[in-house]
Amino acid sequence: MLTLDRLVIEQGDFRLTADLRVEKGRIVAVLGPSGAGKSTLLDVIAGFLPPSAGRVLWQGKDLGPLAPGDRPLSMLFQDNNLFPHLTAAQNVGLGLRPDLRLSPKDWQAVEAALARVGLAGLGDRVPAALSGGQRGRVALARMLLRGRPLMLLDEPFAALGPALKSEMLALVANLARETGATVLLVTHDPQDARAIAEETVIVADGRTHPPRPTAALLADPPPALRAYLG
Amino acid sequence: MLALSLGTLAAVAWRAEGAAALGPADWAAVRFTLTQALLSAVFSTALAIPVARALARRRFPGRGLLVTLLGAPFILPVIVAVLGLLAVFGRGGLVSQALSPFGLGPLDIYGLQGVLLAHVFFNLPLATRLILQGWLAIPAERFRLAASLGFSSRDIARRLEWPMLRAVLPGAFLVIFLICMTSFAVALTLGGGPRATTVELAIYQAFRFDFDLGRAALLSVIQFGLCAGAAALAFAVAVPGALGTGLDRPVLRWDSGAAALRLQDATWIGLATLFLVLPLGMIVVRGLAGLVDLPLSVWQAALRSLAVALGSAALTLALALPMAVAATRLGGARGAALQAAGTLAIAASPLVMGTGLFILLFPVADPVALALPVTALVNAAMSLPFALRTLTPAVAETEAAFGRLADSLGMTGRARIRHLLLPRLRRPIGFTLGLSAALSMGDLGVIALFADPGQATLPLQLYRLMAAYRMDAAAGAALLLLGLSLGLFWVFDRGGRLRADT
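Going down the list, the protein sequences come from chains A and B. Just so you know, the first sequence maps onto residues 1 to 230 in the working numbering. Just so you know, the second sequence maps onto residues 231 to 732 in the working numbering.
Take these hints with a grain of salt, some might be off.
[What the hints assert, rightly or not] Computed, partial: chain B to chain A, Cβ under 8 Å:
| # | residue |
| --- | --- |
| 1 | Leu269 |
| 2 | Arg388 |
| 3 | Arg389 |
| 4 | Pro552 |
| 5 | Ala631 |
| 6 | Phe632 |
| 7 | Leu635 |
| 8 | Asp637 |
| 9 | Gly640 |
| 10 | Ala645 |
| 11 | Ile647 |
| 12 | Arg657 |
Read the hints as simulated data drawn from the structure, not as lab findings. Here a beta-carbon is modelled for each residue, glycine too, at the ideal position from N, C-alpha and C.
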């Protein structure tokens, strides 16, 4: 279970509070207008930004003292999810060992992860030689291999076309179910939430609302969401 | 770095003897240093304006090559250029020969005029590049707007070009002033005597001929004060980056089609090209003959120089990369302070550092035995400002793009350097290594203080050949030095570009 315990995030004039819990194994959409602080919230959970007050806990353990790489989570950013100077296989291999000293068995695991996301045999390609969707798959393969229980996705597929995006989201949902991972998916598109998220968190007006079932939420939006949906 | 800049300064301050010890010759050196730096900066920037304007508004075959050539004097060994200038403007040079049928000449290049000539040779291209950057920074839309409003060339000059020049010229002027303040090799070869001695040269003479360490130290303090003052001024004026690229596109202009203007621009470009290319051409022409039977001592010196250059390049990178990373990580004011510390090396002249190191080393070791490592160290310190200017923005860019990804994957320490920084920074690292190796290869400064005849570097050996009037061997050695300097730069820079785009 992910717990945001009376979290306060402040940056200049910007202020966002969060006090909620996300059950283990859930896929939760984080929905809200741009500038509301969705990405900032993920940055705090991932450890890139210290909160002004409050704690982030995973299974009751305070993540505050842990560096981003030591937290029980993997994150996909909006862009730059792959190192352009490394091959797809090396990029995935970083999920096993950050210094890339991999045993033959490790490389087999890398190849298996690439095969699982539909990229069998493409491990030798550099990102520039892959399509946008394939690059997303490489990043997901790395996430799969890292095996961290919490997956944070900060609109990583926003640049893809609608068909490709829903394909990638479906893959995310499948991988999460296979591994039992908990997913936080930042998006500004209610369709994304409807597609894969059982629950949705609204970030608006400086507040993070606790998760509610997505279908019910979208059918009867509260004022904050209604203003955004228009 | 701070220890090297300030430690050596402290050492010279400690050994400096009261200002009363300053004779009239020393004051003359101070006056000459300021005068020649001022005049060099005035001539270089003033002549660069028409050349840069011509390059900015004309398109012609070879323009890109010429712009590249303008960057070459930066890594050109001073002593080689001096030899080339002598071949053109010297007593027996091309110009004197051309003048003699008219009963004029021969030219006398030694003294203030020679020092100025060499400084303009080195800094006219630099000033041209800086000013050209300013010209190309004027948005093309402004020229289009000006054309649609029917501006004449004079209107454009007043409304667009003069404001740009007012912003760019002070920085360019100060950079060149600062460079010429610490001029040693030029003054050593073309100046000298009571009327044309820089403070830097006076340090050398006090050290080498009089072995008056106290006076050398006192002069070092004065030199540091002069340079620190000029550097503080330069910081205040925000000196433009000299290493910028993207000078390869001319500005589309509608006002400069008149034949007179074309002729004027062609004349300026032609004269500047001749001024740059002729001395280098003379080096090649005369050097080829001398290259066949170079004395063994030249080859030995070349090997020593290569070792010093490679060591200095490695040292530069080993100092600059952690400083660039730290400056990026600290960010803000503290990062800027760290960068400023690296730039201190501009103010601490090589001879000041050399004198300081001599004073520090003398009690514990034989400075002469350490001549080559000390030279490599001082050369690295001199390259550091350029290395930081190149590396820091590249590190900042890499960290901005990939820092969070590396953090989230737990890539720290060696893994981060090996798999993130080194591959992403291949180009700037190659450029830095090339630049520092070439600068060290051609440096005639600190080595002149320390070395005995058995450990001369190639530039020093070349100077000795010149001093002994063995001009054929000197020309050959100059060509060798030129080839090695440019070759070192090319190899490293090229190495950095290979596969750099993946």
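Against the structure, the hints come out as follows:
1. A least Cβ separation of about 49 Å between Leu269 of chain B and chain A goes past the 8 Å threshold, and the interface hint is therefore violated.
2. With a least beta-carbon distance of about 43 Å to chain A, the hint placing Arg388 of chain B at the interface is violated under the 8 Å criterion.
3. With a cut of 8 Å, the hint placing Arg389 of chain B at the interface with chain A is violated, because the nearest CB-to-CB distance is about 39 Å.
4. For Pro552 of chain B, the interface hint is violated, the least distance from its beta-carbon to any beta-carbon of chain A being 19 Å, above 8 Å.
5. Evaluation of the Ala631 of chain B hint against chain A yields a held restraint, the C-beta minimum of about 5 Å falling below 8 Å.
6. Satisfaction of the interface hint for Phe632 of chain B is found here, the shortest Cβ-Cβ separation to chain A being roughly 6 Å, below the 8 Å cut-off.
7. Interface restraint check for Leu635 of chain B: the shortest CB-CB distance to chain A comes to about 6 Å, inside 8 Å, so the restraint holds.
8. Hint status for Asp637 of chain B: holds, given a least beta-carbon distance of 4 Å to chain A, under 8 Å.
9. With a least beta-carbon distance of about 3 Å to chain A, the hint placing Gly640 of chain B at the interface is held under the 8 Å criterion.
10. Taken as an interface hint, Ala645 of chain B checks out: its beta carbon lies about 4 Å from the nearest beta carbon of chain A, inside 8 Å.
11. The interface hint given for Ile647 of chain B is broken, as the beta carbon of that residue sits about 10 Å from the closest beta carbon of chain A, more than 8 Å.
12. At about 12 Å, the closest approach between the beta carbon of Arg657 of chain B and any beta carbon in chain A exceeds 8 Å, and the interface hint on this residue is violated.
Going down the numbered hints, you'll see the structure goes against 1, 2, 3, 4, 11 and 12, while the others check out.
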